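**Student:** Here the numbering used here = 1-based position in the sequence shown + 1496.
Take these hints with a grain of salt, some might be off.
Claimed, not checked - Each computed SDA-like pair below joins lysine to any residue, with the alpha-carbon atoms no more than 20 angstroms apart:
id, residue 1, residue 2
1, 1544, 1574
2, 1544, 1575
3, 1502, 1539
Stated by the list, open to error - Okay, the calculated beta carbon distance ranges per label pair:
id, residue 1, residue 2, range
4, 1565, 1524, 27 to 33 angstroms
5, 1505, 1551, 26 to 32 angstroms
6, 1541, 1500, 16 to 22 angstroms
7, 1580, 1501, 33 to 39 angstroms
8, 1554, 1516, 54 to 60 angstroms
9, 1557, 1586, 39 to 45 angstroms
10, 1522, 1548, 42 to 48 angstroms
11, 1504, 1558, 24 to 30 angstroms
Treat the hints as calculated values from the structure; they're not laboratory data.
Please read these numbers as outputs of a predicted model, since none were measured by experiment.
Where is the CB? At the ideal position from N, CA and C, for every residue including glycine.
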Amino acid sequence: MSRRSKYPEQFRRDAIELVNSSDRPLRQIARELGVNHETLRSWVNVAKQAAEAGPPAEDPAVTDEVARLRKQVAELQKEKEILRKAAAYFAREMDR
């Protein structure tokens, strides 16, 4: 079981960006940030692997559910429009 990191996520992202954009050695950057160089190296390697893997694949169940809900929303919007027109029609009939 992994324990929670003592470094905030934003700090890790900034440290990775500093390593990627700097010409300085990783050990020097780690020393300046007060982080173990192997910890920083691990963060950089994990970020590289995540970038190479691309965005996470969507779960087919979620995709199906979203499609079903969009279809339901479209149907409800049509029903609402029909009811709105019917209400306007009957309101005109009542005024006669």
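**Student:** In ascending order, which of the hints set out earlier in this document are inconsistent with the structure?
**Tutor:** 1, 2, 4, 5, 7, 8, 10
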